[in-house]
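Next come the chains, spelled out residue by residue.
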Amino acid sequence: MQPTRARTAVYYLILWLVAILFFLPVFWILMASFKTPNDILAVPPKFIFQPTLSNIIDMLSRPNTVPYFINSLYLSITSVSLAIVVSFLAAYALSRYKFRATNFLMFLILSTRMVPAAAFVVPIFQMFNAFQWRNQFGVLMLYTMFSIPFSLWILKGFIDGVSTRYDETGFVNGASRLHVMFRVVLPQVRPGLIAAFIFNLIFVWNEFLLNFILGGPGTQMIPYALAVGLVSAGGNIDWAFVASLSTGYVLLPTVMIFLFQKYLLVGMTFGTVRGEV
Amino acid sequence: MIAVELQNLAKRYGRKQVLKDVSLTVASGDFMVVFGLPASGKSVLVRLLTGLEAPDRGRVILRGADVSKLSAGERNIGYVPQSFALYPHFTVRQNISYPLDLARVPKAEIEPEVQRVAGLLGIQDLLDRKPDQLSGGQKQRVAIARGLIKRTDIYVLDDPLVGLDFKLRERLIDDLKRTQELLKVTFIYTTSDAVESLMLASKIAVLDAGEIVECGAPETLYANPQRVQTMHHVAFPQANLTPGMLRQQSGELLVETPLACMKFDGERPEKPFGDVQIGVRPEHIRIGAPPADGWLTHQAKVLLREDLGGEEIVYLDVNGVVLTTVLRSDDQTQQHVEIDQVVRISIPPQQMVVFQEGRRIGVCKMSE
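Those protein sequences? They're chains A and B, same order as listed. Take any residue in the first sequence, count from 1 to its spot, add 1093: that is its number in the working numbering. Take any residue in the second sequence, count from 1 to its spot, add 36: that is its number in the working numbering.
Since the hints were made in silico from the structure, they are not lab data. Please note that a few of the clues may not be correct.
Unchecked claim - Cut-off 25 angstroms, straight-line C-alpha distance, at most; resulting in silico cross-link-like pairs (DMTMM-like, lysine to aspartate or glutamate): (1) LYS239(B) x ASP168(B); (2) LYS203(B) x ASP343(B); (3) LYS166(B) x GLU1300(A); (4) LYS143(B) x ASP164(B); (5) LYS203(B) x GLU149(B); (6) LYS56(B) x GLU393(B); (7) LYS105(B) x ASP1260(A); (8) LYS105(B) x ASP189(B); (9) LYS143(B) x ASP189(B); (10) LYS213(B) x GLU149(B); (11) LYS239(B) x GLU319(B); (12) LYS1355(A) x GLU89(B); (13) LYS1191(A) x ASP92(B); (14) LYS401(B) x GLU374(B); (15) LYS166(B) x ASP189(B); (16) LYS203(B) x GLU147(B); (17) LYS1191(A) x GLU89(B); (18) LYS213(B) x GLU292(B); (19) LYS143(B) x ASP1260(A); (20) LYS1355(A) x GLU1300(A); (21) LYS105(B) x GLU1300(A).
Please take these sequences and the hints and turn them into a complete structure.
Right under this line is the structure:
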């Protein structure tokens, strides 16, 4: 049956209602970051109010806020970049040299990401303590490791899609293996690199538990700051601080997701659904 | 001078022995076509020759020197891979100049070379495009240009025309033949297409199940095939093959075929009895009365006709055996037929070639 115009309109209405319902808490937080503490908790909620930047100024003027942002940016961008380099090399090797049990190895690598962090946070904590890795370098390495499985899966999917005839044409004409990897294959898997980067960046950006347990000065990130700063000195929830920090926090992923939506789908399907990229 | 010599090459993948014992000599300036059906080992042969893989056994000798231990890049072979493999992130110009860029040829020398090969293949107008803006035939020309730009004397083309439409293939066949004659270089060309082989080759090597069963000039192979695979496949339409039986009767060798029992004409084989195969080319089966004495004639029923315009392929049922024949539209001496019509066919017995265990042992002749 062909949907009539009225039917289509009803479908869209329902979709919009559900979307708005899910967006409401985010909207509330965004609004709250520009309200005075009294306006935030006003009943009934105020939709028309005098916007203020005082919450944001207060949030930024607290001693650790800027370092938290810097830590978040540094750890997520650096670790994911390193992971992409390692994953590209590994994915090329696994794609081109068909080792025995490649599929099992790929499964094994991914399986490290199938366990919730809560399940392995204690042994990781013990290990990091014992080796004295609870510093910036240690946490950086942890997040790099954390970002490799998905990146490897995405990139292997992409490199498998690049015919080996490209490699061979290079070899017959005297190209080295490195030339083939970086000048022949790499430019053809650029969408995969971007997908892996965005996908893992969001993971690391949002990671809380390991950061909370292992972190210290120089490694604590915004989710940690949110959890710690939730309750003010008086025992009340510090909504003005939480709202303004959250607003700053969602900015990067929101922009990234908006700019690179099409690559996100690629990431979630490990490069098997490529769409238009 | 000998350009390429393959000595006893063998290659196995897991349990499958893909190449058994391949030896092949290609003289300098030859257009050598390696003909083989799909999965006969052509691509593996190319991989061993270019150095993309090492053989389990045997040697590759190029320009008189053993290169078996050298890498692909050191063998100095121009290469046109199967299915184009044009780099999508390069322009046509960059794709074509790629072998020279890799060889670090000075920039100033590259552009005239690109123009030269692009001119050779008629693609000067496409140089600034990206591969995804090209048609299949244009891509193929670019891939050939990239193969030919390399400054060398041996070029390997791995089934370069596969998948292109008929008209385009015909044009490229002409271009390739002309180019090879112009450059006076050695081409090694693999294909599974009989027409391509016969049109292009100065020599054809027939690869079957990992072995080269026969090698020679196309006219010789066509007129006088020594192997049943050659007769059957290196032709269009394919030659007819029917089973037969060789037996002795009062000192004479007889060939029993589904059509008739005939005398054997040829040197007495080592094993003068048992199963044989009889090959007849379609163009030797005539519909209508024999034009001379001594022809074999038989009743046949028309099963199917394929009209190709200039000629017509007719499928005939002869005593339960399906035979194909070709009728030229302009040939007034042959009768034209309809489906289900019962006709009389005639075959000159000396064109009925007898193969035993795949090898030619002789032909037939009429019994008196």
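Evaluated hints:
Pair hint LYS239(B) plus ASP168(B) does not hold up; C-alpha atoms about 35 angstroms apart against a cutoff of 25 angstroms. Restraint check for LYS203(B) and ASP343(B): satisfied, since their Cα atoms lie roughly 18 angstroms apart, inside the 25 angstroms limit. Simply put, LYS166(B) and GLU1300(A) have alpha-carbon atoms about 42 angstroms apart, too far for the 25 angstroms limit, and the pair is violated. Of the pairs offered as hints, the one joining LYS143(B) and ASP164(B) holds, with about 17 angstroms between alpha carbons and a cut-off of 25 angstroms not exceeded.
With a C-alpha separation of about 28 angstroms, the suggested pairing of LYS203(B) with GLU149(B) is violated against the 25 angstroms cut-off. The suggested pairing of LYS56(B) with GLU393(B) holds, with an alpha-carbon distance near 18 angstroms, which does not exceed 25 angstroms. Using a Cα cut-off of 25 angstroms, the hinted pair LYS105(B) and ASP1260(A) holds, with the two alpha carbons roughly 20 angstroms apart. Between LYS105(B) and ASP189(B) the alpha-carbon distance is near 20 angstroms, which keeps this suggested pair within the 25 angstroms criterion.
The hinted pair formed by LYS143(B) and ASP189(B) meets the criterion: a straight-line CA distance of about 22 angstroms does not exceed 25 angstroms. For the hint linking LYS213(B) to GLU149(B), the alpha-carbon distance of about 20 angstroms falls within 25 angstroms, and the restraint holds. The hinted pair formed by LYS239(B) and GLU319(B) meets the criterion: a straight-line CA distance of about 23 angstroms does not exceed 25 angstroms. A distance of roughly 39 angstroms separates the Cα atoms of LYS1355(A) and GLU89(B); the hinted pair therefore is violated under the 25 angstroms criterion.
For a cut-off of 25 angstroms, the pair hint linking LYS1191(A) to ASP92(B) stands: about 19 angstroms separates their Cα positions. Using a Cα cut-off of 25 angstroms, the hinted pair LYS401(B) and GLU374(B) is violated, with the two alpha carbons roughly 31 angstroms apart. Straight-line distance between C-alpha atoms of LYS166(B) and ASP189(B) comes to about 29 angstroms, which puts the hinted pair past the 25 angstroms bound. Of the supplied pair hints, the one linking LYS203(B) and GLU147(B) is violated, its CA atoms being roughly 31 angstroms apart against a limit of 25 angstroms.
In summary, the hint linking LYS1191(A) to GLU89(B) is supported, as the alpha carbons are separated by about 14 angstroms, within the 25 angstroms threshold. With a C-alpha separation of about 43 angstroms, the suggested pair LYS213(B) and GLU292(B) falls outside the 25 angstroms cut-off, and the hint is violated. Among the hinted pairs, LYS143(B) with ASP1260(A) is consistent with the structure: their alpha-carbon atoms are about 24 angstroms apart, no more than 25 angstroms. For the proposed pair LYS1355(A) and GLU1300(A), the alpha carbon gap of about 23 angstroms is at most 25 angstroms, so the pair holds.
This hinted pair does not check out: LYS105(B) and GLU1300(A) have alpha carbons roughly 52 angstroms apart, beyond 25 angstroms.
In this structure, the hints that do not hold are numbers 1, 3, 5, 12, 14, 15, 16, 18, 21, in rising order.
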